[in-house]
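Here is what each chain is made of, one letter per residue.
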Amino acid sequence: MKALLVGSALLVGGSGFARAQTLSVTGTPASMTISGAIAGSQPATLTNNSTTYTVSALPILPKKITAQINTNMPAGVILTVLLVPPSGATNAGRVALDNIARDVVSNVTNLLPQTKIIEYQLSATVSAGVISTSTRTVTFTLVNYP
Amino acid sequence: MKASVFAPVLALTIGVSSTLASAQTATQTVTFAVTAINQISATGSPSLTVTTATAGSQPTAATDASSTWAVTTNQTGAKISASIPTAMPTGLTLSVNLAAPSGATSAGLTPLGTVAVDLVSTITKVAQLGMTATYELTATAAAGVVAASTKVVTYTISGGT
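So the sequence lines, in the order shown, correspond to chains L and D.
Numbering-wise (this note's numbering), the first sequence opens with residue 1 and increments by one.
Numbering-wise (this note's numbering), the second sequence opens with residue 1001 and increments by one.
One should not assume that every hint holds.
Quick partial rundown of chain L residues pointing at chain D, CB under 7 Å, derived from the structure [claimed, not checked]:
1. A20
2. T33
3. S35
4. A44
5. N49
6. T80
7. G88
8. N91
9. G93
10. P113
11. A124
12. T139
13. F140
If you're looking for bench data, these hints aren't it; they were derived computationally from the structure.
Values in this document were obtained by computation on a predicted structure and should not be read as measured data.
Using N, Cα and C, we set each Cβ at its ideal position, and we do this for glycine too.
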């Protein structure tokens, strides 16, 4: 009976631990269209910081957030992401996205969920040419750290 | 501890550990595009005065190479053309030579008129500034004395695909 109680406690505690680790995003960034340049310079970079993410983790089990896109950007076009970190965590600054998971926030240990800004930047060189409207799916993943 | 009680506890512990180690994901969709971009600019205010001649020859042309121009295009095969709003006085010719950006071709010194003339061609996916714009003013003796006047040179980038 004592073992059953201990097991039940573990089950309840484990469910609580799972809920303490959260990662979600809110909003969809508005379409970014590069359309201008100063003569003699590369096209102007666009920035969107209208969306947010919410994250929490157990202090005894630090997490990190990685980011990647489903397909690489067209040649000459760069999409970067910057996640404002929660308290106690650090970010990697603006990270160029590709189809490989890249660390964007490390040492997430805040037990209570915190909501922070996601910044996207889109840049293109003249060599990219004209790019018709396209989409990429950005996947953020919360994984163990380090 | 009896095996019958131990097994469920072990299963519960394994289940909790798996939950703690699992990754969580969230996704967003980013939409983007790049439109055709064609921008040119010119800097400087050239001044040209024909003042001398070698006896027996037409007056000596005046030149000014103090101006520059810049271009950005993400298209292929664009060109630069130029025109002035009204014709030069009789006997006077205003010409301009735009240095070509990388990969493009300059037409060299080209007289300007009210009909646009091509100055630079085959401009492809380039962003370059500080290229020299050289103006030349020539006058024949028949032009006589011409008081200080101005002409606005309009440059246009077009034709890229």
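To see whether the hints hold, each was checked on the structure:
{"no.": "1", "hint": "A20", "result": "10 Å, violated"}
{"no.": "2", "hint": "T33", "result": "5 Å, holds"}
{"no.": "3", "hint": "S35", "result": "4 Å, holds"}
{"no.": "4", "hint": "A44", "result": "9 Å, violated"}
{"no.": "5", "hint": "N49", "result": "13 Å, violated"}
{"no.": "6", "hint": "T80", "result": "11 Å, violated"}
{"no.": "7", "hint": "G88", "result": "19 Å, violated"}
{"no.": "8", "hint": "N91", "result": "16 Å, violated"}
{"no.": "9", "hint": "G93", "result": "18 Å, violated"}
{"no.": "10", "hint": "P113", "result": "12 Å, violated"}
{"no.": "11", "hint": "A124", "result": "5 Å, holds"}
{"no.": "12", "hint": "T139", "result": "5 Å, holds"}
{"no.": "13", "hint": "F140", "result": "5 Å, holds"}
Violated hints, listed in ascending order, are 1, 4, 5, 6, 7, 8, 9 and 10; each of the other numbered hints is respected by the structure.
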